[in-house]
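Enquirer: Single-letter residue listing:
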Amino acid sequence: MRQTRFTTWKLGALMGGLLSAAAIAGPAMAADAGSFPDHNIQYIIPFGPGGESDISARLQQKYFQDITGQQLIIQYMAGGGGAVGWSQLNEMDGDGYTIMGTNLPHIILKPMGKDPGFKTEDLKNFFYFHYSPDALIVKKDSPYKTLDDLIAAAKKAPGSVTVSGSGTQSANDIANRRFESMADVKTTYIPFKGTGAAVTALLGGQVQAEWGYTTTAANHKDKVRMLAVAADERHPLFPDVPTFKELGYDMTGGAYRGMAVPKSTPDDVTKKLSEIFGKINQNPEFRQKMEDLGFVLIDVPYDQMDDFMAKRRAEYEKVAREMGIIK
Amino acid sequence: MDTLSFMAAALSPVNLMLAIVGVAAGILIGALPGLSATMAVAVLVPVTFGMPPEAALIMLGAIYTGAIYGGSYAAILVNTPGTPSAIATTFDGFPMAKRGDGDLAVTLSTLSSMIGGLVGAVALLTLAPLLAQIALKFGPVEYFWLAIFGLTLISALSEGSTLKGFIGAGLGLLLSTVGVSVIGADIRYAFGSQFLLGGVETISALIGLYCIPVLIDLVATPSAHLEPPEEGRGIRFREGLSLMWRGKFNALRSAIIGTAVAILPGAGGSIASLVSYSEARRTSPRSDQFGKGEPDGVIATETANNATVGGGFIPTFVLGIPGTPPDAVILGALLVQGFRTGPEMFTTNVGVTYTFIGGLFIATLLMLPIGLLIGRYAFKSIVSIPKALLVPSIAFMTIIGTYAIRNNPFDVVVMVVLGVVGWVLSRYGVKPSPIVLGLILGPIAEQGFVQGYLMGNASGSVAGAFFGRPLSLAIIALVLLSVLFPLWRAWRTRSHKETANGH
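Top to bottom, those sequences are chains A and B.
In terms of my numbering, the first sequence opens at residue 1 and continues consecutively.
In terms of my numbering, the second sequence opens at residue 1001 and continues consecutively.
The set of hints was computed from the structure by calculation and includes no laboratory data.
Worth double-checking, as some hints may not be accurate.
Just so you have them, the derived chain A footprint on chain B, three or more residues with Cβ under 8 Å [unchecked claim]:
hint, segment
1, 1405-1411
2, 1455-1466
Below 30 Å or equal to it, Euclidean Cα-Cα: the simulated BS3-like pairs (lysine-lysine) are [to be verified]:
hint, chain 1, residue 1, chain 2, residue 2
3, A, K221, A, K245
4, A, K186, A, K289
5, A, K155, A, K223
6, A, K139, B, K1137
7, B, K1137, A, K193
8, A, K186, A, K221
9, A, K62, A, K139
10, A, K223, A, K311
11, B, K1137, A, K221
12, A, K289, A, K245
13, A, K155, A, K139
14, A, K186, A, K139
15, A, K139, A, K289
16, B, K1098, B, K1248
17, A, K318, A, K193
18, A, K221, A, K289
19, A, K155, A, K145
20, A, K140, B, K1137
21, A, K245, A, K155
22, A, K186, A, K140
23, A, K156, B, K1137
24, A, K156, A, K186
25, A, K223, B, K1248
26, B, K1137, A, K186
27, B, K1137, A, K145
28, A, K186, A, K223
29, B, K1137, A, K155
We treat Cβ as the ideally placed atom computed from N, Cα and C, and that holds for glycine.
Chain B extracted, bound-state conformation:
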């Protein structure tokens, strides 16, 4: 049998139904703040044990895809990323919803997610073994430089003062050191609390920093949460399509960035969407509109984060190393089913693999009709629901969602405290995104640095370890570009103005 016939096996009625159920369930779970894609997959793993392996994989893949996409609903409609990979979706998605274009933003996110998902799946189908080899070239030093590169994006991402962006990032970095350190096993900033040993959970911090300020503002201001849409308007599908057409290069570039970042285990969807967002902003002719409800911003992040689904499966299948946290769960499910990853996935088990990839394609395509349907409903509900009901519902979800991540009540306390602190800070211009970026990138940078240092000592040259490899040098070049470009642009506009004034 050839590839196509294996993929066609994914089209059997049972598999198709599992894909539909999986996508719909994934969207709903992903849309609720705190219920992440990892959790969606973990909850459903036991259900799949009784199924044949192909069906199980199709369902898990569908849930995963759906959940990553579903994360954009909460990001757009309530300014809270449903999953960490939707952080950057809040930047433009929420301002769009706020001015009454929430339906358009949801439609755009659906189209973008589908395109991103397809690009990721094509990469998985055609380039998996090659890309996995590239992923292995990234050692601790490269991860360190990559994290530094991520931190430099703060200057591109922060609205207003770059300095305040760095203050936020510093706070995030500090928070990331709380708990037992991976290297050295030192206990830092735990203040004797057994709960703080586990560190600050990223998703709890996300929920707190983004959602609590929204709740406070909802209560504190008399105006409606979102501008109601004009009556009798549809899902604005055509408008969405034409915007997608305008942003086609943006979408393609973001999908490629998403796939590329996802093959690096541990980097993940949040970094992918932030990188593609800042790239979109840098290259756009409307870059001053970013952060104020620019459709291209939503397109960039949503194509990128869905491209990570297919991209993340590349190291999972080829190397047996999970690319993203949900992949780790799916890998575990595969092992329990008696499958071994690695080249066998593309030789002896090729039937299962290709049926799965076929299932991933189908799930991604199904996301369009199912997503538009659920999205429209979600948008109308959020718009028409009175504040008195909306606020307690969101508050309830944030608490349940935070608790559910690790079954730890203390995470809820951390979430609320960070939320209030975040609200105060954002009134002084320190926005949540740099804080979260620091929290996510801190451990990657720290571990990469110490590991690189140890390796450098062993080989006799620390400088050689950090600056001696072509790949690290390439990333260092990116860092410099990212730092110097905004400075250069600011200098150019200033000198332009001066010349204009001179005349």
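One chain only, chain A, in its complex shape:
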């Protein structure tokens, strides 16, 4: 008897831990835009838990349920900086009940270099909902009070100013290249694994500045200062921090986040999803929570996606050429 009980015990624990496996095995229902969605939707984040993609998705969860009565079930499929997830998306069920987070510049930059297993144009993005604007950050006690201070130091001794950031050929790396060519300076960019490690290097005084986001600054408000923000307007959380535009550098951008469905998903269902996530973006409580964390909300629905992507692509292609990603 003891043996049977043991097996049940194991199975019970396994089931509890593996809601996700059950969700995958769930029946693939025929899509019908009228009553869509009539059961829970699984939302795959192609990164590990705890990052900004995860946090912003978690914030959407509650309002998705308020609007549709169904739940968004978040799962993770980390690996290859998102490539592992994106390369598998189009093989998943295209019934609208599987969606995946997608990120810019990742989905455009990765396929430019070597083959990461997916193509940018094969991803059927249906809504882009926010971005974390790039920001050049220094420690509170840094001698660089303004962007000009840092530029002056970099001009004086090219390559001596060290700047940390998350990863190579990432949003941060690109921001640094764009900044270098606009300000005509040379810095030393030091890639770290993730924003957390990059900001640790800044706080520990290992580097003089960090390419991060408004969200990073919001998270470490008491210890850091932003020199400039790559957004169109000043961020409501930081009314005193100038934008790059104000200072004469035409730089807006950052890490954009949105969602995609498998290619086989019917258009009416895709549009419905775009509408639902558009509604979430209009919720004042959701907006407030996102802004408090330092995000900037944008609305790019399904029918404007192609234009939006084409614009971003043109921006990144220019930098990618300079960086030698495209040869």
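Mind docking chain B on chain A? Use the hints.
Expert: What follows is chain B alone, placed relative to chain A:
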């Protein structure tokens, strides 16, 4: 209100119940190979959104504590670390179980985990801001030297041939380079496979390298998996207590090492338990018994890995930088709840923080009765279950567990292949632990080296970057000590023998 009254708030009936449920759930999830503490926390995060922040934090902390401790069950009873931080628990825990002392090993692990957890929580309560400042002093160069120090432990950890230990570590280092590199974004050893882009997942490798050989041996040998215990024996609590008393300095030292390593983001529980294990072995009068079922080995690793729970929360709360992977998930949950980490956690949000720390203490104490109860049951089941049922059950769990880490079927393939390779290699004396150590430390060493090199170039002196800071010099001294000590000891025993022969 003062600290104590906030901590007492954790004692409300609802919070207490959440702590009990959290600990029990954590132990079960942690005990299953592949279902790690990170996953346990991530699965339960949505459940906590509807709760008040204190209750949510208490539950998450309890699950985390329970899961780290639960990892020792699989390590002791089936030789598979349930979480990476239980790797070193297999060294002595499994030999103990094999000779029929599995119940004693589980009791020891429970007591040690509780002590380690308490030390970590005390450090979090009293020294958090100070320790967080120390953590910031560790830059890329220090991480590089720390990883090198970790690699030198191979000579202390490998049984038998040190050379074979280094062969294993080299293999691990090579495996760690598979996929897209963090620095440079080069694609290495992916052979055109989109799955290999993500690299070799550490936990899949762990499961494969440790669990598959056990399964093969179970099928290949006619003898029972574990020696059955004598009838009518209890949980051997008294015996456990007296062993704990004997190893009290070991336990304290390991708990301090665990806390200290955990405040360094990215280093984590696996390194903490390996360092304290090798320290315990080095200083023990019975060092030749280590690896053959020495209770002090279990005590060292299990106090150390539970001390990382409290220790890891220090950078998480004070700096907003997660100390361990589960901390990253808890940090995310805090942000969604609308809390900001940093000094605010100890000023405006002090109520939540201290209630949480109180909850962590309660969860750690609860681990003793709950752990002993579940542990006894787990031990008896594993011992009495027939092999025909045990083997497929473990095999099933390894596959599900591996798949669940990243929802990636290819990880299962990697796990099985590494398992078979590991089995063959271990027949030739190359044990899994150096391979895993190489796999874990490889990226830390590589990134630290390249970052340090870039920083050195920017400042005009690469040598200055690597050898010019007091902290790096201190770690280099540790490296030298760790390399030279075994050589010195071998030389001494040899000269002793020679003198003895001369007479």
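Enquirer: Do the alpha carbons of K139 (chain A) and K289 (chain A) lie within 30 Å of each other, as the hint requires?
Expert: Holds, at roughly 26 Å.
Enquirer: Between K186 (chain A) and K140 (chain A), is the straight-line Cα distance small enough, at 30 Å or below?
Expert: Cα-Cα ~23 Å, so holds.
Enquirer: Has the given pair, K156 (chain A) with K1137 (chain B), been kept, meaning a C-alpha gap of at most 30 Å?
Expert: holds, 28 Å
Enquirer: Run the distance test for K62 (chain A) versus K139 (chain A): straight-line Cα separation, threshold 30 Å.
Expert: Status violated; Cα separation ~35 Å.
Enquirer: Below or equal to 30 Å on CA atoms is what counts here, so check K1137 (chain B) against K145 (chain A).
Expert: Holds, because 23 Å separates the two Cα atoms, which is no more than 30 Å.
Enquirer: K186 (chain A) and K289 (chain A) were given as a pair; does the straight-line alpha-carbon distance stay at or below 30 Å?
Expert: violated, 37 Å
Enquirer: Given the hint that K186 (chain A) pairs with K221 (chain A), does the C-alpha gap stay at or below 30 Å?
Expert: holds, 28 Å
Enquirer: Within 30 Å, alpha carbon to alpha carbon, are K221 (chain A) and K289 (chain A)?
Expert: holds, 16 Å
Enquirer: For a C-alpha distance cap of 30 Å, please report whether K155 (chain A) and K145 (chain A) respect it.
Expert: Holds. K155 (chain A) to K145 (chain A) sits at ~16 Å (cutoff 30 Å).
Enquirer: Need the status of pair K140 (chain A), K1137 (chain B): alpha-carbon distance at most 30 Å?
Expert: holds, 17 Å
Enquirer: Are the Cα atoms of K1137 (chain B) and K221 (chain A) separated by 30 Å or less?
Expert: Roughly 20 Å separates the two Cα atoms, so the pair holds.
Enquirer: Is the coverage entry for the segment 1405-1411 of chain B by chain A consistent with the three-residue Cβ rule at 8 Å?
Expert: holds (count 3)
When the structure is compared with the earlier hints, violations turn up for hints 4, 9, 10, 25 and for no others.
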